[in-house]
Amino acid sequence: MAIALAGGSWYFFGSAERDTPAPDGTMPSGSSAPIVEPQAAAFARYSGSASCRDCHRQAHDLWADSHHGLAERPLSADLDRAAFEPERLIEHGTNRSVARVVDDSYELETLDPGDERRPFNADGVIGHEPLRQFLIDIGRGRLQAGELAYDPHQGDWFNVFGEEDRRPGEWGHWTGRGMNWNSMCATCHNTRLRKNYDEATDTYHTAFAERSVSCESCHGPMKDHVDWQRAHPDSRRADPTIRRLTADQMFDTCATCHSRRSELTGDFVPGDSWFDHHALTIVDETELYYPDGQVLEENYEMAAFLGSKMHAAGVRCMDCHEPHSARTRLEGNALCMRCHNGAYPNSPVIQPVAHSFHAEDSAGNQCVNCHMPQTVYMRRDARHDHGFTIPDPLFTKELGIPNACNRCHTEEDADWALAAVREWYGERMERPERERTRWIAAARTGGEGAQLPLMTLLQSETNAYWRAVAAGLLDRWIGEEPVASALRKALNDPHPLVRAHAARTLGPLVEQREVRAVAELTGLLDDPSRNVRLAAAWALRATLDSGSDSGRELRHLLDFQADQPAGQLQKGVYHLERGQPGLALQHYEKAIQWDPHSAPMRLDYAVVLSRLGRNQDALEQLQEACRLEPDEAENHYRLGLAWNEVGNSGETLDALETAVRLDPTHARAWYNLGLARHAAGQSRDAIEALIRAETANPEDARIPYARATIHLQLGDRAGARNAANRALEIRPDYQAARELLQSPWLRAP
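The numbering of the sequence shown is numbering that gives the first Met the number 0, which starts it at 0 and goes up by one.
Please keep in mind that the hints were generated in silico from the structure rather than gathered at the bench. Virtual Cβ for every residue (Gly too), placed ideally from N, Cα, C. Just so you know, not all the hints are guaranteed correct.
As the list claims (entries may be wrong) - 20 Å max Cα-Cα, derived SDA-like pairs, lysine to any residue: (1) K396 / E434; (2) K488 / P527; (3) K308 / H383; (4) K308 / N345; (5) K222 / A39; (6) K589 / E623.
Stated by the list, open to error - Computed Cβ-Cβ distance ranges for the label pairs, DEER-style: (7) H408 / E330: 46 to 56 Å; (8) E510 / P167: 35 to 45 Å; (9) N340 / T93: 54 to 64 Å; (10) G168 / G313: 23 to 33 Å; (11) Q458 / R242: 33 to 43 Å; (12) G313 / E86: 52 to 62 Å.
Using the sequences and the accompanying hints, generate a full structural model.
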């Protein structure tokens, strides 16, 4: 079991006006149909895995002992007593915990939310191999997954966070919301789960159709099938209740849990579209993935697989995995050679030894070791990357991306691996994926001109996943008309992942009241995919009709995510932009209370406080953000702006100087530092800062224009004229720069 954020940045939202569903999913009188099926009706359609056993004995037996069958269960003396008896002392960070048996109860003595050691009774188990985490009831309907896990093979306890010393009060401590079973674990470890969070009381009433990942988790509710079979035991008629899922529908079912994503409804049912219920976390500016799509942080397979040639060729989960045991259908290279022996249309024929240049019985001759390298998460759980990437030591040298050669040959360097690859494969390594990776890496750092190849990728890439990546990465250039035009075309892309990311990236134009963007995103409120509808609804949140179908879908999502700090933060955004600052502040304050150690949240809170004229309060939040993350340039940049708002020029300069020292490519910090230096009478140094700003961002016409005004005040008319002309080169309609050039001071003699 892995504890991780469900991914996605904007999908952690809250709600304002409320047609809040009751715990059973029903809506208040007068509202439209419920967004999700009422709980009682939904659960009544399930028969339980035991009802499948008699007719499907072989499948049931394979499932019962699988990781799915054992995904969550009650404690068992046979399976769990060895973890607690004899008594175990567990040292982790600065903590000392004890696992023991007390009166046939399994007990963990560890730090409680108040930083006091006390005993807790284990209330259930999630996971089976290679590790097991124990659930602890801390009241108010909350179960928490412990950070201490037991390895049944090595017979030891360990901290899943390694050397991290998480403390009570932190979001990620075992008592915090980051380790809350109801929100972070339960959906994927149980069948048809309803989180049932009550925001008013901050309590849970979580329920599910069946504990663990049952037969009906994948086949859907089957009570009608069981009832029909029992009523017609000898019938030769076709069972009218049978619903067969396509390979893509089964892929969507697997992906509900095998993906880093945000839930949009909390009520996926097999047969539904994945994109009607989830928002996928893909390659973006963060470090969740490497630029070539390899996983860095946990992603649970789906995103990497979507970006792979395997998925594009039509390969799906069940082609490689037996559905009931979830194990691979064949061992070793035999699995891959089912297709790569010429049996699968258009699949290249591979001779493993000739292809790998490794001996037949060596690790280097195993397909998965090169194309599905493993990363260990939670200290014991080694997982294969499902991107099926090609090892490329050149990217290790250029971009710091790991390659499978050096993962194995740790005693050698990337130059050694690159020489071998060049000798073996030569020009075949110069493939389109290399170019794409370089484009994405450049875009992630905001490289000059990086938007141009991204637009090419958005328009010409055949894999929808990478088109969506391009759409998301274009956000920093959204002010450029060619970029906006390319994204508008992407709103008609056949894949919902692309349309959703294009809508998200176009969102800032709505905030700027760009009429065309508003009209086009309004049209997406009727998109066939809920994923896309919600992306458009969020972009239009300030004016969206909260009683419309799209408004209700958004509010359902907002309420669903309200149990996490990020959800409260987005409630604040929603209220603020709908003209309800008092309510907005309540949600921002709750977010900070729930996650006091989050510097990004304090940055957002400070922006709101500043907008409301509470500059001193904003300053205090930014100072705390800098204390929490002293090496983050953005924190010091925002602090510099806040000091300027309260009129402290010395602190303004100090904060901005720190920002550019930490990040010499921070164009806005250099720009504001130039203005601050000029205001402090340091005009020559101001010009130097503005030149650095222009180098970091040569597409912002405001920078050379500001430099032109300073040159003019210094009596440097030639410098002023050159800078103003540069501003007009960047933006020909820049009226201020044109007027400056036509002024008596700069008009040519």
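Evaluated hints:
| no. | hint | verdict |
| --- | --- | --- |
| 1 | K396 / E434 | holds, 15 Å |
| 2 | K488 / P527 | holds, 17 Å |
| 3 | K308 / H383 | holds, 16 Å |
| 4 | K308 / N345 | holds, 12 Å |
| 5 | K222 / A39 | holds, 14 Å |
| 6 | K589 / E623 | holds, 16 Å |
| 7 | H408 / E330: 46 to 56 Å | violated, 24 Å |
| 8 | E510 / P167: 35 to 45 Å | holds, 39 Å |
| 9 | N340 / T93: 54 to 64 Å | holds, 56 Å |
| 10 | G168 / G313: 23 to 33 Å | violated, 49 Å |
| 11 | Q458 / R242: 33 to 43 Å | holds, 38 Å |
| 12 | G313 / E86: 52 to 62 Å | holds, 54 Å |
Of the numbered hints listed earlier, those contradicted by the structure are 7 and 10.
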